[in-house]
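Those sequence lines, one after another, are chains A and B. The working numbering applies: residue 173 is where the first sequence begins, and numbers increase by one. The working numbering applies: residue 173 is where the second sequence begins, and numbers increase by one.
Treat the hints with care, since some could be wrong.
[Claimed, not checked] Restricting the straight-line Cα-Cα distance to at most 27 Å, the calculated cross-link-like pairs of lysine-lysine (BS3-like) are:
(1) A/K284 to B/K556
(2) A/K527 to B/K185
(3) B/K460 to B/K438
(4) A/K337 to B/K337
[Said to hold, decoys possible] Taking CB as the label site, the calculated pair distances span:
(5) A/A261 to B/R564: 53 to 63 Å
(6) B/D555 to A/G366: 37 to 47 Å
(7) B/K337 to A/R258: 30 to 40 Å
(8) B/K337 to A/K185: 17 to 27 Å
(9) A/E358 to B/K438: 37 to 47 Å
(10) A/L193 to B/A570: 41 to 51 Å
(11) B/P454 to A/R258: 52 to 62 Å
(12) B/F290 to A/P361: 28 to 38 Å
(13) A/L193 to B/P454: 43 to 53 Å
(14) A/P568 to B/P265: 37 to 47 Å
(15) A/E616 to B/G504: 49 to 59 Å
(16) B/K438 to A/R258: 37 to 47 Å
(17) B/F451 to A/D427: 29 to 39 Å
The set of hints was computed from the structure by calculation and includes no laboratory data. As the structure is a prediction and not an experimental result, all values here were calculated from the model. Glycine included, every Cβ here is placed at the ideal spot set by N, Cα and C.
There are 2 protein chains.
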Amino acid sequence: MYYESGNMNQETKRALAADCLERIGQEVTLAGWVQTVRAHGKIAFFDLRDRSGSIQIVGVSEDLAKVVTNLNQQDVVEVKGTVKKRKDAFVNPHTPFGSIEIAAFSLAILSKAETMPFDMAGKELVLELPTLLDHRSLSLRHPKVSAIFSVQASILEGFRKMAEKFNCTEIVVPTIANIATEGGAEVFPVDYYGHKAYLTQSPQLYKQMMVPIFERVWTIAKAYRAESSVTTRHLAETTQLDFEIGFINFEGLLDMFEEVAVGMLKHAENASKAILRSFNIPPIGFEKIPRFTLSQAQVIIFKAYKRDVRSQKDLSPQDEIDICAWVRKEYGSDLVTITHFPTKKRAFYTMPDPKNPEFSLSYDVLFRGVEILSGSQRIHEYDKLVAAIKTRGLDPKAFDMYLMAFRYGMPPEGGFSFGLERITMKMLGLPNIRQASLFPRDMERVDERL
Amino acid sequence: MYYESGNMNQETKRALAADCLERIGQEVTLAGWVQTVRAHGKIAFFDLRDRSGSIQIVGVSEDLAKVVTNLNQQDVVEVKGTVKKRKDAFVNPHTPFGSIEIAAFSLAILSKAETMPFDMAGKELVLELPTLLDHRSLSLRHPKVSAIFSVQASILEGFRKMAEKFNCTEIVVPTIANIATEGGAEVFPVDYYGHKAYLTQSPQLYKQMMVPIFERVWTIAKAYRAESSVTTRHLAETTQLDFEIGFINFEGLLDMFEEVAVGMLKHAENASKAILRSFNIPPIGFEKIPRFTLSQAQVIIFKAYKRDVRSQKDLSPQDEIDICAWVRKEYGSDLVTITHFPTKKRAFYTMPDPKNPEFSLSYDVLFRGVEILSGSQRIHEYDKLVAAIKTRGLDPKAFDMYLMAFRYGMPPEGGFSFGLERITMKMLGLPNIRQASLFPRDMERVDERL
Numbered sequence: 173m174y175y176e177s178g179n180m181n182q183e184t185k186r187a188l189a190a191d192c193l194e195r196i197g198q199e200v201t202l203a204g205w206v207q208t209v210r211a212h213g214k215i216a217f218f219d220l221r222d223r224s225g226s227i228q229i230v231g232v233s234e235d236l237a238k239v240v241t242n243l244n245q246q247d248v249v250e251v252k253g254t255v256k257k258r259k260d261a262f263v264n265p266h267t268p269f270g271s272i273e274i275a276a277f278s279l280a281i282l283s284k285a286e287t288m289p290f291d292m293a294g295k296e297l298v299l300e301l302p303t304l305l306d307h308r309s310l311s312l313r314h315p316k317v318s319a320i321f322s323v324q325a326s327i328l329e330g331f332r333k334m335a336e337k338f339n340c341t342e343i344v345v346p347t348i349a350n351i352a353t354e355g356g357a358e359v360f361p362v363d364y365y366g367h368k369a370y371l372t373q374s375p376q377l378y379k380q381m382m383v384p385i386f387e388r389v390w391t392i393a394k395a396y397r398a399e400s401s402v403t404t405r406h407l408a409e410t411t412q413l414d415f416e417i418g419f420i421n422f423e424g425l426l427d428m429f430e431e432v433a434v435g436m437l438k439h440a441e442n443a444s445k446a447i448l449r450s451f452n453i454p455p456i457g458f459e460k461i462p463r464f465t466l467s468q469a470q471v472i473i474f475k476a477y478k479r480d481v482r483s484q485k486d487l488s489p490q491d492e493i494d495i496c497a498w499v500r501k502e503y504g505s506d507l508v509t510i511t512h513f514p515t516k517k518r519a520f521y522t523m524p525d526p527k528n529p530e531f532s533l534s535y536d537v538l539f540r541g542v543e544i545l546s547g548s549q550r551i552h553e554y555d556k557l558v559a560a561i562k563t564r565g566l567d568p569k570a571f572d573m574y575l576m577a578f579r580y581g582m583p584p585e586g587g588f589s590f591g592l593e594r595i596t597m598k599m600l601g602l603p604n605i606r607q608a609s610l611f612p613r614d615m616e617r618v619d620e621r622l
Numbered sequence: 173m174y175y176e177s178g179n180m181n182q183e184t185k186r187a188l189a190a191d192c193l194e195r196i197g198q199e200v201t202l203a204g205w206v207q208t209v210r211a212h213g214k215i216a217f218f219d220l221r222d223r224s225g226s227i228q229i230v231g232v233s234e235d236l237a238k239v240v241t242n243l244n245q246q247d248v249v250e251v252k253g254t255v256k257k258r259k260d261a262f263v264n265p266h267t268p269f270g271s272i273e274i275a276a277f278s279l280a281i282l283s284k285a286e287t288m289p290f291d292m293a294g295k296e297l298v299l300e301l302p303t304l305l306d307h308r309s310l311s312l313r314h315p316k317v318s319a320i321f322s323v324q325a326s327i328l329e330g331f332r333k334m335a336e337k338f339n340c341t342e343i344v345v346p347t348i349a350n351i352a353t354e355g356g357a358e359v360f361p362v363d364y365y366g367h368k369a370y371l372t373q374s375p376q377l378y379k380q381m382m383v384p385i386f387e388r389v390w391t392i393a394k395a396y397r398a399e400s401s402v403t404t405r406h407l408a409e410t411t412q413l414d415f416e417i418g419f420i421n422f423e424g425l426l427d428m429f430e431e432v433a434v435g436m437l438k439h440a441e442n443a444s445k446a447i448l449r450s451f452n453i454p455p456i457g458f459e460k461i462p463r464f465t466l467s468q469a470q471v472i473i474f475k476a477y478k479r480d481v482r483s484q485k486d487l488s489p490q491d492e493i494d495i496c497a498w499v500r501k502e503y504g505s506d507l508v509t510i511t512h513f514p515t516k517k518r519a520f521y522t523m524p525d526p527k528n529p530e531f532s533l534s535y536d537v538l539f540r541g542v543e544i545l546s547g548s549q550r551i552h553e554y555d556k557l558v559a560a561i562k563t564r565g566l567d568p569k570a571f572d573m574y575l576m577a578f579r580y581g582m583p584p585e586g587g588f589s590f591g592l593e594r595i596t597m598k599m600l601g602l603p604n605i606r607q608a609s610l611f612p613r614d615m616e617r618v619d620e621r622l
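The shape of chain A in the complex, shown without the other chains:
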């Protein structure tokens, strides 16, 4: 078999489905997974899936038709056959390789699949979320499910391209720490050689420490939050896309993260056109992103929706949905920037607004009804930072190495952090963030139910 050819030319022996468009009339060897089987008397068809997509295989002889009829979904097979153009009446315009098929003359089973616990043949995989996740290593094989993670990969790539554009240096931050990053209670304790340690709530403190080294840094890092409630938009383990930038002010930060958000989303949208079409997702509205303070946003919600949230300290999930809908309608933008959250509601390192210290130089970006980015100008003056730590009832001694960075020369700086799973969810209109994580962790599940 081709994969025993023992050299890197094996790909020239094994053709991918995508290669066949340009090999009409030629003999090819394909290999992949059986998607669907359709038997019509003496002829039997199946769709073979490989990493390039799906292609129709026809077992033309009576013997082969019998073999095909007995195939299981997800069997791994190797097929030798001839690439044929389909007659016009049989062209399937809904699939990339629908104008061709393979007339198979031999078929070998490389790995036999048991009978699937659910049907993978449909255009959609209709399963309840718990069932979908109980069978994660199977349900991910459905093209409509795996497509989510193709989009996710393109978001990551888009983010890295923007990091490169802004001349940021990649850093690798630890996930085991001796303090809770933000002093919160929602941390996971780790038994670290008999000592108590924690999983980092964010790469925040480490990326800040790196500003005096590289000025501009980025990282794709894990963040852990022991959320004690089950919602459709929180996970216990998430992936953050982070920038931290020195020698910048608040306006500069707003400009930068909006440019990063747009660049990243445009890249992902361009790379995922066919998938977004199959999910019936309209193009992202990339009009100039409007900026509102929290108070302004609350007034808008009051006027537009007659809900008085003006005394609230944050936006509720419904507020985020409403303000996004309003911005989309009024500005044509799927993104909106909200600034100046109450200082007390943000982490200790957030810089209060010098003009009104009750509010902070903080910001969120909302995308289609949910927050996907958070950040702030930071307190870069040592004395003020120590005071802010104390105000939260935290012990500055626990932040010794972090504070060291500020005692020895720290420029004005700030940063921001995107939530990968939330962006993925909103790009594809998924109802639950668990669908946007390959192996989601929450209080009820670590692969298997707890």
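Starting from the known structure of chain A, fit chain B onto it as the hints suggest.
Chain B only, in chain A's frame:
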């Protein structure tokens, strides 16, 4: 000040040191950290470091000389001045911007640094490792220390370029799991909502489950090992660069990872030329990588070094040093591939060699005396995999979701994993792996000493 300009053009106002080479005679505004101060009577100099490098600043007036003389190392300053070509006698050929200097006419301190606990002015930062790590957020500022992580960033970039070349899809794998990946005892327990969970020893099981989804996947992931000994080449938290590939055989895997290793290292070497020169590192020997079985390598060591290790089940650290030195001398290669480790010494998912099942279709790559890659052809047949799990005294029930991937069609597959910190260490000739991790974790330290 420039960073209050409130728009993305601030960079056009703030010049970087690197910009000055092409702005001779012009007025510029620079900002960065004070590296070293040298006072000579009425003239005082200092080196200003920004993210592009260091540049000499001259305080020409008596007033400015006084200000400069009183600067601390690591003060953050803003300087306005004129870019001047140095006289030939004063050109410093050892630094990229040594042909120019800034004649400063104004200087503002943006952030005052305390007196440094050690001197940062020297070409080398001579500190004992514990002191270096106790002051990590400071010691990283020394150009010779930060350079290590510029190299590390280029290794990551090189790896991603190779992943793209081989048409792999990026995946995000979890780090909290309900089983110890490889059944070993060296795991960190996590208190997960009152349930027992573990930090993943590797992304292994997850990347294998992704083969039936994308065929070829890559990830940069954390791996946690509760190593109970302190060595110069182990960390508790490391970064792995992983591939997992479907439809491939052993020879195909050898070809692929050698190509990935060479491509990644060449990229990093090219991107880091000046740094490698400053570390006096000779070019990497990229001759064709020789391949030996473990037994062959042991015979070579016996013949070349008169040490009889032929009955050993693995290579010792000294064996790795010796075989690498011998290969470098005989083949001109800094890399060597060792295959066929005893099946019992490798993880359960490793495929035994059909010709002699006592040995396995496993491999390591050694680079300048240390293993930087490990991997294998995997067992892809469900029954054999279950048997292998049982042989190790593990319970197949604990691997339910993982095994599901094999029950429903898994092609022949294999993969490999690079250790980022080890590659960094060996590219730069560092004696201890802790120097190759921004914030190293071991049994004695989580930022602060335990």
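Checked hints:
1. A/K284 to B/K556: 14 Å, holds
2. A/K527 to B/K185: The given pair, whose Cα atoms are some 25 Å apart, holds under the 27 Å limit.
3. B/K460 to B/K438: It holds: about 14 Å lies between the C-alpha atoms, which stays within 27 Å.
4. A/K337 to B/K337: 21 Å, holds
5. A/A261 to B/R564: 53 to 63 Å: 57 Å, holds
6. B/D555 to A/G366: 37 to 47 Å: 41 Å, holds
7. B/K337 to A/R258: 30 to 40 Å: 33 Å, holds
8. B/K337 to A/K185: 17 to 27 Å: 19 Å, holds
9. A/E358 to B/K438: 37 to 47 Å: Distance hint for A/E358, B/K438 holds at roughly 44 Å.
10. A/L193 to B/A570: 41 to 51 Å: Once the Cβ atoms are compared, 45 Å apart, the range 41 to 51 Å for B/A570 and A/L193 holds.
11. B/P454 to A/R258: 52 to 62 Å: 60 Å, holds
12. B/F290 to A/P361: 28 to 38 Å: 34 Å, holds
13. A/L193 to B/P454: 43 to 53 Å: 48 Å, holds
14. A/P568 to B/P265: 37 to 47 Å: Taking Cβ atoms as reference, A/P568 and B/P265 lie about 46 Å apart, which means the hint holds.
15. A/E616 to B/G504: 49 to 59 Å: Roughly 57 Å apart at Cβ, these two residues keep to the hinted range, so it holds.
16. B/K438 to A/R258: 37 to 47 Å: 45 Å, holds
17. B/F451 to A/D427: 29 to 39 Å: 38 Å, holds
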